[in-house]
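Participant: Please take these sequences and the hints and turn them into a complete structure.
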Amino acid sequence: KAGVTQTPRYLIKTRGQQVTLSCSPISGHRSVSWYQQTPGQGLQFLFEYFSETQRNKGNFPGRFSGRQFSNSRSEMNVSTLELGDSALYLCASSFQQSNTGELFFGEGSRLTVL
Amino acid sequence: DQQVKQNSPSLSVQEGRISILNCDYTNSMFDYFLWYKKYPAEGPTFLISISSIKDKNEDGRFTVFLNKSAKHLSLHIVPSQPGDSAVYFCAASSIGGADGLTFGKGTHLIIQP
Chain A
1 KAGVTQTPRY LIKTRGQQVT LSCSPISGHR SVSWYQQTPG QGLQFLFEYF SETQRNKGNF
61 PGRFSGRQFS NSRSEMNVST LELGDSALYL CASSFQQSNT GELFFGEGSR LTVL
Chain B
115 DQQVKQNSPS LSVQEGRISI LNCDYTNSMF DYFLWYKKYP AEGPTFLISI SSIKDKNEDG
175 RFTVFLNKSA KHLSLHIVPS QPGDSAVYFC AASSIGGADG LTFGKGTHLI IQP
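So the protein lines, in turn, are chains A and B.
Note that the first sequence covers residues 1 to 114 in this note's numbering.
Note that the second sequence covers residues 115 to 227 in this note's numbering.
Take these hints with a grain of salt, some might be off.
[Stated by the list, open to error] Using 25 Å as the maximum straight-line C-alpha spacing, the simulated SDA-like pairs for lysine to any residue come out as follows:
no., chain 1, residue 1, chain 2, residue 2
1, B, K168, A, S22
2, A, K57, B, K168
3, B, K168, B, A184
4, B, K119, A, E75
5, B, K119, A, S22
6, B, K119, A, N56
7, B, K119, A, A2
8, B, K152, A, G62
9, B, K152, A, Q44
10, A, K13, B, A184
11, B, K152, A, A2
12, B, K152, A, F69
13, B, K152, A, T14
14, B, K152, A, L111
15, B, K152, A, S79
16, B, K182, A, Q44
17, A, K57, B, S165
18, B, K152, A, T7
19, A, K57, B, A184
20, B, K119, A, K13
21, A, K57, B, Q117
22, B, K152, A, G40
[Said to hold, decoys possible] For the chain B half of the interface with chain A, some residues (derived, Cβ under 7 Å), not all of them:
no., residue
23, P123
24, E156
25, G157
26, L161
27, E172
28, G174
29, F176
30, K219
31, G220
The set of hints was computed from the structure by calculation and includes no laboratory data.
We treat Cβ as the ideally placed atom computed from N, Cα and C, and that holds for glycine.
Facilitator: This is how it looks when you write it as structure tokens:
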């Protein structure tokens, strides 16, 4: 069974640009959650999509957005990039909603903003 | 305000001994708790979970203890092995709520030979 796949794995952008990250969940999983990991803050919840609907959103500015497609694949977008957006972005999938069970994480997309 | 706290950024334990990782939470609505393990350049992987109706859950070398009155949980690894060296994240959620998992900042466990 294929795991959670995130693309791209690494990317470098400059301030002011925008970026789109992609996540393919485990087959059959309907929930996709996104987390930002930085050295000082640990894993911080960005948002969760369940059956194409945003279920909840963490405390991040509106520059961070996402969506989920009918095949459960998800994308997240960050516009007007800032230096502080440099982080590892992790996607996790689960069959049910994320607060009810185990999440399966991808390897992450490491974003560097220069 | 941090709702899930792991106050030890790192912990060093000798191989074969017991490793005890601690986690405190402040939100009394949390009723489901998990531990994840993360190696460098990999995503976190699920280790063990416990619901608030229990105070202990065991899986092989890993045992999680929950003290609801103290809002504290701990992960015990016995015996510790070199492959256990990783960052361990504590996470919590409210089963009946709408929010996702809330993670602590992690504890870096180092197993010394």
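Participant: Return the numbers of the hints above that this structure violates; sort them in rising order.
Facilitator: 1, 2, 4, 5, 7, 8, 10, 12, 13, 15, 19, 20, 23, 26, 27, 28, 29
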